[in-house]
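Residue numbers (this note's numbering), protein chains in the order written: chain A, 1 to 500; chain B, 1001 to 1621; chain C, 2001 to 2174; chain D, 3001 to 3101.
Hints in this document: simulated from the structure, not taken from any laboratory.
Distance condition first, Cα-Cα at most 20 Å in a straight line; then the derived SDA-like pairs of lysine to any residue:
| hint | chain 1 | residue 1 | chain 2 | residue 2 |
| --- | --- | --- | --- | --- |
| 1 | C | Lys2136 | D | Phe3062 |
| 2 | B | Lys1110 | A | Arg373 |
| 3 | A | Lys166 | B | Leu1577 |
| 4 | D | Lys3056 | C | Val2118 |
| 5 | D | Lys3056 | C | Arg2117 |
| 6 | D | Lys3088 | C | Met2073 |
| 7 | D | Lys3056 | C | Ala2135 |
| 8 | C | Lys2127 | D | Phe3062 |
| 9 | B | Lys1110 | A | Leu376 |
| 10 | D | Lys3088 | C | Tyr2157 |
| 11 | B | Lys1110 | A | Pro375 |
| 12 | A | Lys207 | A | Leu179 |
| 13 | A | Lys110 | A | Val25 |
| 14 | C | Lys2127 | D | Val3057 |
| 15 | C | Lys2136 | D | Trp3054 |
| 16 | B | Lys1110 | A | Ala374 |
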Amino acid sequence: MNELTFYPLLSLLIAIPLGGAFLCVLSRRSSGLCRWLALLSSGAVLVLAGSLFRLPDQTGWLLREDYAWIDTLGARFTLGLDGVSLLMVLLTALLIVMAVLVSWRTISEKTALYFSLLLALEAGLMGVFLALDLFLFYICWEIMLIPAVILIVVWGEEGSLPAVFKFIFFTIGGSLLMLLSIISLYYLHGEQTGVFSFSLEALRLTKLSGSLELWIYLGFLLAFAVKIPLVPLHIWLPDTYCKAPTAITLLLSGVLAKTGIYGLYRFAFQLCPEAAAKSFAWLSIVALVTVFYAAWTAFGQSDIKRLLAYSSVSHLGFIVFGLSVSNRTAMEGSFLQMFSHGITMGAFFALTAMIEERIGDTRMERLGGLWGRAPLWSFFFLVVALSSLGLPGLNNFVGEILILAGAFQSLPWLGAVAVPSILLAALYILRLVRHVLWGVSPAGLIWTDVGRREIFILVPFLILMVWVGCWPQTFLDPLQQVAGLPFFEGAVALKGGVLP
Amino acid sequence: MRPEFISLIPLLPLGGALINILFGGRLSRRVSTGLAVVSVALAAFMVVAFWSYAAGGGTRVELYTWIEASGLRVPLVLLFDSLSASMALMVTGVSTLIHIYCLGYMSREKDYVRFFVLLNLFVFAMLVIVLAGDLLVLFLGWEGVGFCSYALIGFWYREGRNADAGQKAFVMTRAADVFLLIAMLWLFRIFGTFSIPDIMARTELIPAAAATPLVLLLLAGACGKSAQFPFMSWLPDAMAGPTPVSALIHAATMVTAGVYLLCRLFPLVMLSAQGMAAIALVGILTAGYAALCALAQDEIKRVLAYSTMSQVGYMFVALGAGTLSGAMFHLYTHAFFKSLLFLGAGCIVLLGGENNIFRMDRAARRNPLVFGTFLVGSLALAGAPLTSGFFSKDGILTTVFSRGSGLYELVWVLGSLTAFVTALYTFRLLYLVFGGKEKTRGEIPTLSFSMAVVLPFLAVAALFGGVINLPAIFGGNETLRHFLEGPDVIQGFVAHREEIILTALAVAVFAIGWLAAYGLFRRESALRDNMASRFFRSGFYIDQLLETLFQRPFRTLARFWDRATERQLFDGFFSGLGNMTFGGAKIVRRMQTGRLSTYLGSFAWGLLFLASFFLCCALGG
Amino acid sequence: MATVVFYILAILALLGTYLCVTRSNPVHAILYLVNVLFAVALMYYLLGAPLVAAWEVIVYAGAVMVLFVFIIMMLELTPDQEMSRVGWLRWGPTVLLAMVLFCTLVLFVAVDPETSRVIVDTYVAPKAFGYALFAKYPLAVQVISFHLFIAAIGAYYLGRGGGSRKRSREEGDE
Amino acid sequence: MNVPFSHLLIIAFLLFLMGLASILVRRNVIRVLIGVEIMLNAAGLVLVGSSALWNKVDGQLFAVFLMAIEAAEVALALALVIYLRRRKGTLNINAFNEMRG
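Chain A with its partners taken away, still in its complex shape (with noise of 0.2 Å):
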């Protein structure tokens, strides 16, 4: 440990963006000052994570802080930093300026709310990645999603509320399953050792019977499974992403999927580990089946925002995929690619934003022929194309062949049968760009090309995909020991051997 762990840093990039969020609102007179507010209070926390990057050292935790919080309980604020969650706390800090930047302008309603509901957000969220204690993460797993429902609600598009009801139906769904289990654990633990605690290290310990343990690990499943989401889970995805203002979606589908990932390595697979074993098989199929699934129907879409949806969903069930094949290498790739999803995904959200800000519309038809009209602006949609079906040299395709190089370690067959998800994935994409950047322009279509703040958005999203494409070193060092991992030693019993 060195001498910054002395500050209480993580409790910062909580406290930091709740106290931009109070600060909104205390200056809800003027909005101008709430945009330069919550800019300010996000970038802060962006400088803070950024400040975090250092290698792991023994334990396999960066930081680790441990305070006093609900005796009676047993509940303590415990918060832990470890390669993994630095990666996402990194890109929720990103993707929030950059949320923060796309709805500069676009929000002129009730602006105080919507950036203190950002930052509460980037608070939740923050909350979320680094919570090692079980009661403080379904807080905060909770706390993230009502100021999601409400910027959905407030600044969506019209007829949002059907949507908003099917997200809340599921995700609430899903959180109840895992409370149950949160608390059955929790008091499992309570009767073996007398000892009353929601700490994650010390329910790992707790003996639980396979029956028990699987019904345990199937609510925390359905939780982040609903998260991710994964199909047929994933019903409220679309119509939210589509109602959803689209700095929101950028939102949803960049970071606040990733929980869904983040606590299934984190909890699911930690506290269950036998039961997560035993379901890696049927895991790494239902994934594969999400990937091809949602790639497959991304195609059939004639709205941006919605193919991109599905494509999300596509992508994330090749991160699954990778968390599930029990391969070292490949959750290593699965770490990574979160992180590159979510910079891709934000890309692709802050462009539509974009398209939305100008037309107001986000119907295939209604483009055409950008590269013509706004060539900086196709440029960048362009790349963000191509890092999207994975061309190597940008960040998506490093996180892929790992994947890819670690399912083949262990499950050739399955590999094999991942590996034209990058064929479907170009059928899409490529069909997207077909109808935005070729052809020729609808007639009526007015197109100003990107303006400087435009361009300060998606300038530092290209650098990061060129970034990770060219020297993902830098964030697969964190990742090269990652606390709390040792199980999954045990779990590559398959390694060896030669395709037939």
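With the hints as your guide, set chains B, C and D onto chain A.
Structure of chains B, C and D alone, referenced to chain A:
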């Protein structure tokens, strides 16, 4: 010079592209295009300068670690050996000439920055393929050329057809890449590394049962980029791009990437006799198919596209027959004469004002440079004796003949027949383009200097390119074969007398082809539309077949998923749940009459129920 | 002697209740009810609860019933004749409930010997009563007084016309 | 005094029953309230009786509590009666059905 500077060979074009991306709009046209040309020319120069490093086992340059995770390390490593050096020299040399040609060809184009950026990027990616010492690095270049060809084919994007053609090329090659990727991952599973030299040094680790599927997977991957059966139909459509692009991508370099890949992994390919037979079979089928299709095309570029496909098929045949040097020899000669033909075709189209060979103006024959160089290229393509194409093609057929077994005899017969058809369609093209009546048209545009200047260079290469691997009976010593030190597997031995007979046969085939063309196509009227010609022109209706077999079902299913499963099944299920809840609520709410008497009454009923329950309990207990 | 008085009071109470329930004139009903309350108060007294009996008279007969009469007079209630139109749905539970309760009672009396015990003469002095009230149930006293207080506020609010202002606003909306 | 506790129970039972009948059958709010009063009195009778039976003061205390609560209830209920009468012009309980679902 330090060997690390070998990395400059691909990096120079990349640098040129990056500078043009960032500042292209601000620089003057002369500077920006000059930069593009110079960077490629410098790369060519670097290849020559580093030539000595290719000797022996070659030089391996590791730049930095690209990806490192537990259990996987991919260094960005370049391999500069005889194979890659000679290929790199060809790529950079031909690219330089084509870049110069483009200066003139694109002089009216407003969007020249994008064009040259993509061209440079393409050269970069191609050089990465060539120089890659690691399969993933190779894949980086592999996908890179895929993207560049996509963007270049659809360069004139306003025309939907062009964009579609680019998309088709990307998608079809990517479909093949799936197989390549599987093969690569499989190799990784066996060897624990993607490094090409490491894998090639230890091919004995590959289990016997895995060799054939691996080779077949690699073959499928190679077929995509090289437009071989069954992934060939993108190539004719790709002619939608600017002509120099066709010359660069679809003749000289990218389509040969598949051949190069198989050459690079030749020690692996040799492990499987069935695999090699499959390669030869795919090659000869494509060669014959494409030659037949070329016979009936009515656009000059499509003829050339099909002929490219056919010639690449020959290279596959060579690989299948086990001669790496033969394949590479034909690759080089083909690169020379086919880029010459495409660049010449660019001039002809410019002069004739029309792509269609029946409707175009025959003005090109009055331009001796264009006529002469195009003639040279055509002769080399048709395999006229002593041209480069003659030696390389004949070498391949001789090797095939020497293999002897039943399958290869069949391949040899088909190959000779294809050579005949090649001569036939080449002379058909010549007669139609340069023969016939000249339509009077106003002013004929003049060719710019940069366009004209490259043709003689390529013509010389096409004519005398044979010297790089002159067979012994012509007094040569097969320089290329010795240089490549390739692990050729020529099992049979061809007697000197047989070789002379075979050579004579090749000459005869060329002559018969010419005569037949003279008889058939001298007059335009001989070309009437019939069912066979329609069949050939459409490429055996392969596109329609693909449309019916794959594209339409795919689209229909995509729509089905969207409409039926997504909206009706899943959404319907959940809105059904919602409706059920509402319906239930409607029934239950009737109980809330709002009247006090109802509530009191039900209160009494409840009390009654409870009391009777306890009474029963008491009576029972 | 006391026993006889008790039974007479019981009969009076039952008779009074019957008349109170069946009379259609509300004023008559209230007057019968006052009788009942007096009878019950005397029964309390006989059962050794003089203080409760006193309060029964004061609070019920004195305050509550007066309130009833006052309201009835103020609202000028007319006798109602709606008894005949009562359906089985409303009579049914009453009758059934009566039967079930009766069965329960019979069962209870038959099974539990405690019920057949005779109530002996007891007497709780007001002083003892007060001690018990404030020593044993101080919280209950507090809660109930608070309850009364709130009821007073509520009654004041409703009586002052708090509801009618609301009504006039509603009408204005329409 | 020589009264078995069972007799007291029977008397209370009959009172309660008549109060219940009044509640269920009558439609006039005032009559319903009167029914409630009768039922409460029946309950009080049992409380005081049991207090005497077991010679404990608690029953009486609860009877007093009952009385106090009941007084509060009547005060509010009658105020509501006036209010409702003003609103609807009737005291028929079936006229008040604003809470209909």
